[in-house]
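Protein sequence lines, in the order shown, are assigned to chains D and R.
Counting from 1, position 190 in the first sequence corresponds to residue 191 in my numbering; the numbering is continuous, with no gaps.
Counting from 1, position 111 in the second sequence corresponds to residue 465 in my numbering; the numbering is continuous, with no gaps.
Treat the hints with care, as some may be off.
[Claimed, not checked] Each computed DSS-like pair below joins lysine-lysine, with the alpha-carbon atoms no more than 27 Å apart:
no.: 1; chain 1: D; residue 1: LYS236; chain 2: D; residue 2: LYS248
no.: 2; chain 1: D; residue 1: LYS30; chain 2: D; residue 2: LYS176
no.: 3; chain 1: D; residue 1: LYS208; chain 2: D; residue 2: LYS248
no.: 4; chain 1: D; residue 1: LYS252; chain 2: D; residue 2: LYS67
no.: 5; chain 1: R; residue 1: LYS395; chain 2: D; residue 2: LYS128
no.: 6; chain 1: D; residue 1: LYS236; chain 2: D; residue 2: LYS210
no.: 7; chain 1: D; residue 1: LYS181; chain 2: D; residue 2: LYS118
no.: 8; chain 1: D; residue 1: LYS208; chain 2: R; residue 2: LYS590
no.: 9; chain 1: D; residue 1: LYS104; chain 2: D; residue 2: LYS181
no.: 10; chain 1: R; residue 1: LYS585; chain 2: D; residue 2: LYS78
no.: 11; chain 1: R; residue 1: LYS590; chain 2: D; residue 2: LYS210
no.: 12; chain 1: D; residue 1: LYS19; chain 2: R; residue 2: LYS590
no.: 13; chain 1: D; residue 1: LYS114; chain 2: D; residue 2: LYS176
no.: 14; chain 1: D; residue 1: LYS17; chain 2: R; residue 2: LYS370
no.: 15; chain 1: D; residue 1: LYS78; chain 2: D; residue 2: LYS208
no.: 16; chain 1: R; residue 1: LYS585; chain 2: D; residue 2: LYS19
no.: 17; chain 1: R; residue 1: LYS590; chain 2: D; residue 2: LYS287
no.: 18; chain 1: R; residue 1: LYS452; chain 2: D; residue 2: LYS70
no.: 19; chain 1: D; residue 1: LYS70; chain 2: R; residue 2: LYS590
no.: 20; chain 1: R; residue 1: LYS395; chain 2: D; residue 2: LYS78
no.: 21; chain 1: D; residue 1: LYS128; chain 2: D; residue 2: LYS173
no.: 22; chain 1: R; residue 1: LYS585; chain 2: D; residue 2: LYS131
no.: 23; chain 1: R; residue 1: LYS590; chain 2: D; residue 2: LYS67
no.: 24; chain 1: R; residue 1: LYS395; chain 2: D; residue 2: LYS67
no.: 25; chain 1: R; residue 1: LYS370; chain 2: D; residue 2: LYS114
no.: 26; chain 1: D; residue 1: LYS210; chain 2: D; residue 2: LYS181
no.: 27; chain 1: D; residue 1: LYS210; chain 2: D; residue 2: LYS30
no.: 28; chain 1: R; residue 1: LYS452; chain 2: D; residue 2: LYS104
no.: 29; chain 1: R; residue 1: LYS395; chain 2: D; residue 2: LYS104
no.: 30; chain 1: R; residue 1: LYS585; chain 2: D; residue 2: LYS67
no.: 31; chain 1: D; residue 1: LYS129; chain 2: R; residue 2: LYS370
no.: 32; chain 1: R; residue 1: LYS585; chain 2: D; residue 2: LYS129
no.: 33; chain 1: D; residue 1: LYS210; chain 2: D; residue 2: LYS19
no.: 34; chain 1: D; residue 1: LYS208; chain 2: D; residue 2: LYS299
no.: 35; chain 1: D; residue 1: LYS70; chain 2: R; residue 2: LYS370
no.: 36; chain 1: D; residue 1: LYS104; chain 2: R; residue 2: LYS370
no.: 37; chain 1: R; residue 1: LYS370; chain 2: D; residue 2: LYS131
no.: 38; chain 1: R; residue 1: LYS452; chain 2: D; residue 2: LYS128
Because the hints were derived from the structure by calculation, they are not lab data.
All of these numbers come straight from a predicted model, not from anything done at the bench.
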Amino acid sequence: MEYIVETNQLTKQFGKEKAVDGVEIRIPKGEIYGFLGPNGAGKTTTIRMLLGLMRPSSGSVHLFGKDLKNNRIAILKRVGSLVENPSYYPHLTAYENLEAIRKIVDVPRARMKEVLKLVRLQDAANKKVKGFSLGMKQRLGIAAALLHQPELLILDEPTNGLDPSGIIEMRKLIKQLPEKYGITVVISSHLLSEVDQMATTVGVISKGKMIFQDSIEAMRRIAQASIHLRVNDPKAVHQALLVYGQKADIKENSVAIQTTADEEVASIVQYLVEQGFAIYRVEEEKRSLENIFLEMTKEEQIR
Amino acid sequence: MILRLLAVDFLKIRRKGLWLLTFIGPIGVVALQMVNYGVRKDYLFSLTDDHWQQYIGNVSAFTPLAIILGIVILTSFMASIEDETNAWKQLIALPVSKREVYLSKFTMISCLLFVSSIILLLMTYFYGLTLGLGEDIPYLQIIQYSLLPFFASLPVLGLQLWLATVCTNQAIPTTVGVISVIFAYSAMYLPDWVIWKWPSLDNQWDQPYLNGLMGIAMGLAIYLIGMTDFKRRDVK
Ligand SMILES: Nc1ncnc2c1ncn2[C@@H]1O[C@H](COP(=O)(O)OP(=O)(O)OP(=O)(O)O)[C@@H](O)[C@H]1O
Ligand SMILES: [Mg+2]
Numbered sequence: 002m003e004y005i006v007e008t009n010q011l012t013k014q015f016g017k018e019k020a021v022d023g024v025e026i027r028i029p030k031g032e033i034y035g036f037l038g039p040n041g042a043g044k045t046t047t048i049r050m051l052l053g054l055m056r057p058s059s060g061s062v063h064l065f066g067k068d069l070k071n072n073r074i075a076i077l078k079r080v081g082s083l084v085e086n087p088s089y090y091p092h093l094t095a096y097e098n099l100e101a102i103r104k105i106v107d108v109p110r111a112r113m114k115e116v117l118k119l120v121r122l123q124d125a126a127n128k129k130v131k132g133f134s135l136g137m138k139q140r141l142g143i144a145a146a147l148l149h150q151p152e153l154l155i156l157d158e159p160t161n162g163l164d165p166s167g168i169i170e171m172r173k174l175i176k177q178l179p180e181k182y183g184i185t186v187v188i189s190s191h192l193l194s195e196v197d198q199m200a201t202t203v204g205v206i207s208k209g210k211m212i213f214q215d216s217i218e219a220m221r222r223i224a225q226a227s228i229h230l231r232v233n234d235p236k237a238v239h240q241a242l243l244v245y246g247q248k249a250d251i252k253e254n255s256v257a258i259q260t261t262a263d264e265e266v267a268s269i270v271q272y273l274v275e276q277g278f279a280i281y282r283v284e285e286e287k288r289s290l291e292n293i294f295l296e297m298t299k300e301e302q303i304r
Numbered sequence: 355m356i357l358r359l360l361a362v363d364f365l366k367i368r369r370k371g372l373w374l375l376t377f378i379g380p381i382g383v384v385a386l387q388m389v390n391y392g393v394r395k396d397y398l399f400s401l402t403d404d405h406w407q408q409y410i411g412n413v414s415a416f417t418p419l420a421i422i423l424g425i426v427i428l429t430s431f432m433a434s435i436e437d438e439t440n441a442w443k444q445l446i447a448l449p450v451s452k453r454e455v456y457l458s459k460f461t462m463i464s465c466l467l468f469v470s471s472i473i474l475l476l477m478t479y480f481y482g483l484t485l486g487l488g489e490d491i492p493y494l495q496i497i498q499y500s501l502l503p504f505f506a507s508l509p510v511l512g513l514q515l516w517l518a519t520v521c522t523n524q525a526i527p528t529t530v531g532v533i534s535v536i537f538a539y540s541a542m543y544l545p546d547w548v549i550w551k552w553p554s555l556d557n558q559w560d561q562p563y564l565n566g567l568m569g570i571a572m573g574l575a576i577y578l579i580g581m582t583d584f585k586r587r588d589v590k
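Bound-form chain D, shown alone:
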C-alpha cells in the first residue's frame, strides 16, 4: 500500500531523553489522521521531523513515498503546515503576509484571495495582523498553509486557544478538505474530542511512543459498552463463565463481559443463576472515547 506519510523507527533524542521513540506512522491518502497525545508526548517534535525542521536522531521519514532527507524541497512543495502557534509578521497586513509566502511558492496572486475567502478573512485582508484576534491569526495560518494547494496538510493543534464556535468552524473547514480537494490531513491534539468528529484514523502517542494506531472505528469498538455483573464470588463466576465459553474480566467486586446483546446477557445470567451464584447487580458501563484515550495514555505513564 502506498502511504502519504510513513515513518520508520523515527526517534528524536534531546540529551538523554527520547522525546520521540521508534514511532511508525502510516497514513494512506485521503485520510484525516488524528495525532493524539497528552502534553509533552512528542507530537510537535514528530511533526517538526515530518517537515524537515528537525533532523531525526535515527529512523526515517517518507512522504509521498520519497525519502524526506534527499527530497526535502520537492516534497515540501506538496505539503502545507501549521506548527504550534501560528507564525506571522505582525507589522504586515494579512495580504502582505500571504504575499511573503506566495513569492516563494510561486502561485498566481488570485490564489491569495481564494484562500482568504476560504477562511473568511477577505474583509481583513488589508489590516495589520497585529490587531487580529487569536482565531483570525489561526485562520490566517491555515490560509497560508493552503496557499500552494498542498496534497498533504499538517496541522499542529490548530484549535489551540479557539473558542467553541471557532473550534466548530475549524472542524468544518478541515473536514471538507479530503472530499473537496483530495487533501490528506494530519491534525494533532491533546483532546480526542477535538478530532473524533472528523478523524478517520487515529494515532496515539505517549511519552514518545506510539501506543495505538488504527481507524477511528477500531477505537470505537474498544470503547463499546460492557456489562458488569456484581456477584457474590467474582473469581468463581469468572471460572464458570470461561467454562461456559464467555470471555470475561475480573474487576474489583464484579465481572465484566464485553457482549451487550440482550439475548446473550439473558442466557448468561440464567446460566449463572442455575450454577447457584447470587447476582446483585447487572449494570451496563459505557466508556467514552475520551476515557479510552485517557486510560491508554495513563497506563503508559504508570509503566
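Starting from the known structure of chain D, arrange chain R with the ligands on it as the hints suggest.
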C-alpha cells in the same frame, strides 16, 4: 529563487525602520562634521593646507563606528522580525533551501549597508564642496573612505548574522554586538589581524585596499561557516 527570497526579505522589513536607519547612519556621520566645521572651521583650516585630506580624515573617523553599529542593529532587527512569532519554522517548512534563506538575509543586509555607504559617499562629496576645501578634489580617496569600510566590515557582518540567526537567546548576539562596537571604537589600539580594526582602513603598510580585500576574503569564510551551521541546526 534567491531573487524571490530577497524580494520577500525586503517585504518583511517594511514599516520596521530599517531603511530609515540606513539613511540616518551616513547622514549622522556627515552631520557630525557639519557641527565640527560649523563651529571651528577657521581653526581646522589653520592646522593644515590639505583641507580635503583633513576633511576626509575627520569624516572617516566615525565611519567604522557607524557601520559596525549599523551591522549590529540591522542583524538584530532582522532576527527579531523572524523571532517575534517564531516565523523561522514557517519559512523553513516552505520549499526553500536553508542555504538560500541564509544567503538572502546576508544579501539584504549587505544591500542596506551598501546603500548607506553610497549615501555617505555622496554626502561627503557634496558637503565637502560647500566648505571650499580647494580645487583639487581627491575623488579616489573619497570613494575609498566611503566604500572600503563596507567591504572591510563584512567579517563582522558574517559573525553578527550567524549569531543572530542561530542563537535562541538574543542576549548572545547583543553582547557580542556591544563588544564589536567597543572594539570598533578603539580600533587604533588593536593589532592589524583583529577583524574589528579593519573598517578603520588602518594597517601598518598604509594600504586601505588591503583591509577591503581581507574583509571580502574573511567575510566570505565566516559567511560560509555561518551558513553551514545554520543549515545543520534544527530550526528554532
Ligand atoms: N528543542 C528541544 N530541546 C529539548 N527538549 C525538547 C525540545 N523540544 C521538545 N523537547 C522535549 O520533548 C518532549 C516532547 O515535546 P513536544 O513539544 O514534542 O510535545 P507535544 O506532544 O507537542 O506537547 P504539547 O501538547 O504540550 O504541545 C518534551 O518533554 C519536551 O520537553
Ligand atoms: Mg506541541
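key: Structure versus earlier hints - violations, ascending order   = 3, 4, 5, 6, 14, 15, 17, 20, 22, 24, 26, 29, 32, 35 and 38
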